[in-house]
Structures are given as C-alpha cells and as structure tokens.
Amino acid sequence: MKKSEVTILIDSLLPRLYGYAYALVGSDLHAEQLIVDAYTVYIVNDKHFLSSAHYDFQDKHERAEIKKYLLKEMLSCIYELAVKRAPQILGHAKECLEHEKFYELDVQKRAVVYLKEAAGYPVEDLQEIFAMQRYQILELLHNSKSILLNEVNQYQASI
Amino acid sequence: MNNQFDKSIIASYVYRTLRTKDLELAEELIGTHGKLQDYYSAKVEERDFLLQLVPDKQISVGTLRALKNEISETMDEIYPKEKKSLTKSVAEILDKPIFTIKI
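Protein sequence lines correspond, in order, to chains X and U.
Using our numbering, the first residue of the first sequence is number 53, and each one after it goes up by one.
Using our numbering, the first residue of the second sequence is number 18, and each one after it goes up by one.
Read the hints as simulated data drawn from the structure, not as lab findings.
Honestly, I wouldn't trust all of these hints.
Stated by the list, open to error - DSSO-like mimics (lysine-lysine), calculated; alpha carbons at most 30 Å apart, straight line:
hint	chain 1	residue 1	chain 2	residue 2
1	X	K119	X	K161
2	X	K112	U	K105
3	X	K55	U	K85
4	U	K98	X	K54
Could you build all of it, start to finish, from the sequences and the hints given here?
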C-alpha cells in the first residue's frame with residue numbers, strides 16, 4: 053500500500069476515531085493527542101505489513117475491507133493507550149459535567165458502551181477490538197448499563 | 018417459556034445483542050403478547066435515555082484539519098519510502114538534463 057493510500061483511508065476515519073477518543077478521555081485536546089499517538093504506534097508496528105500489502109485501491113470492495121481493518125486496529129490502539137493514560141486523564145474526564153455519570157465508568161466500560169450504543173458496533177466487532185469472548189463483552193455492557201441507569205432504576209422503584 | 022426468559026430476549030433485542038437466529042423469536046414475542054409489548058416500549062425508552070448519557074462529540078473543522086496535518090507529518094517520518102522500479106528510476110534520470118551550460 054502506498055503512503056498516500058493509507059493517509060486517504062485514515063483521514064476518512066478521523067471523525068469516527070475522534071468521537072471514540074473523546075468518549076474515552078473527555079477532552080478535545082487529549083482526544084486529539086490520543087489519536088495522533090495511537091496512529092504513530094500503529095504505523096510503527098504495522099508499517100512493514102501495510103507497505104507490502106497488495107490490493108486494488110480502485111476496487112471499492114477491497115478498499116472497504118482494508119478500511120474496516122484499519123478502523124478496528126486504530127480503535128484497539130486508541131483503547132490501549134487510553135488505558136495506560138487513565139491515571140493522568142482521569143481528572144480531566146471528571147470535569148466533563150455534561151456526561152458526569154458516563155465518566156464515572158472506567159476506560160474499558162466507556163469504550164465498550166460508546167462503541168456499542170453510540171457508534172452501533174455489533175458484539176462480534178467488539179470481540180475483535182478488545183480481544184474478548186462474547187460473554188465478557190455482554191457482561192461489561194450489562195454492568196455499565198446497570199451503573200449508568202442505577203439512579204433511574206432506584207427512582208422508578210421508589211414510585 | 019417463562020416470562021423472565023421472554024423479557025431477557027426482548028431486552029437483548031432492544032440493545033441489539035441478540036444473535037441473528039433469535040431475532041425472529043423476539044419479533045414474534047413483541048408482536049403477539051400485550052404485556053411484552055409494554056415491556057418492549059419501556060426498554061426502548063430506557064435505551065434512548067441511556068444514549069443521552071453517552072457523549073457523542075462531533076469533530077470540528079479545525080480539529081480535523083490539525084489531525085490531518087499531524088498524520089501527514091507522521092507518515093512522512095515513519096512510513097517506508099516507496100520502492101521505484103528500475104525503469105522508473107532510469108526514466109527519472111533521463112528526464113532531467115545531465116549538465117547545463119551557463120553563459
């Protein structure tokens with residue numbers, strides 16, 4: 053794959069990657085930094101595979117396949133970096149008052165809930181991104197929803 | 018089938034965690050049982066509320082531009098240079114004058 057082809061594909065993924073990174077860190081600046089760093093890590097690790105991969109860039113099916121592959125790899129990289137940075141970015145995320153309850157979740161739960169509920173990924177894709185079994189993803193989703201909806205459920209139970 | 022099982026099928030249907038093979042069953046349950054229809058509506062409301070709790074920030078034009086620039090710079094620095102074929106390299110050399118005479 054040529055450098056220009058990888059750049060075109062990654063550029064087209066940026067809006068989706070940004071929404072995800074923002075959900076993980078709760079700040080514009082940190083989200084931007086997270087994407088750039090994750091991208092650097094990914095390219096350093098995968099550059100030989102990418103540069104030697106042969107496919108027809110003009111074929112929209114092949115292009116869609118490689119784009120899907122890049123997206124999953126990037127989501128995975130962003131998550132791993134966010135977990136490592138969690139202790140430093142926790143304070144910033146908690147300042148995000150608009151979604152206070154969401155930022156009380158740990159990074160793993162935020163990532164799974166965002167990708168499932170806001171971005172609409174199927175469980176099978178989440179299994180690939182987080183390298184987990186189906187039951188583990190479902191358990192994470194269930195626990196996250198319980199935490200987020202806890203106050204609502206308590207209120208409903210009281211009336 | 019027990020009521021709790023039916024409810025869990027409907028909850029999974031609403032949250033799109035149901036396996037494809039069970040989709041028909043969920044739709045049948047919702048379509049034929051009045052009480053389960055109420056449960057389905059309550060779950061849809063719950064999911065909509067949950068969605069409001071999850072941030073879904075859109076990227077701004079400025080941030081998108083900045084990210085594109087940074088990614089382009091990163092690519093220039095670390096992505097392997099493209100290998101040119103011998104004929105292309107020779108053509109590039111022949112395309113330029115070997116020497117020029119300045120008067």
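Do the hints match the structure? See the list:
Our distance criterion of 30 Å between C-alpha atoms is met by K119 (chain X) and K161 (chain X), whose separation comes to about 25 Å. The straight-line distance between the Cα atoms of K112 (chain X) and K105 (chain U) is roughly 28 Å, inside the 30 Å bound, and the hint therefore holds. With a C-alpha separation of about 14 Å, the suggested pair K55 (chain X) and K85 (chain U) falls inside the 30 Å cut-off, and the hint holds. A hinted pair counts as satisfied when its Cα atoms are at most 30 Å apart, and K98 (chain U) with K54 (chain X) qualifies at roughly 9 Å.
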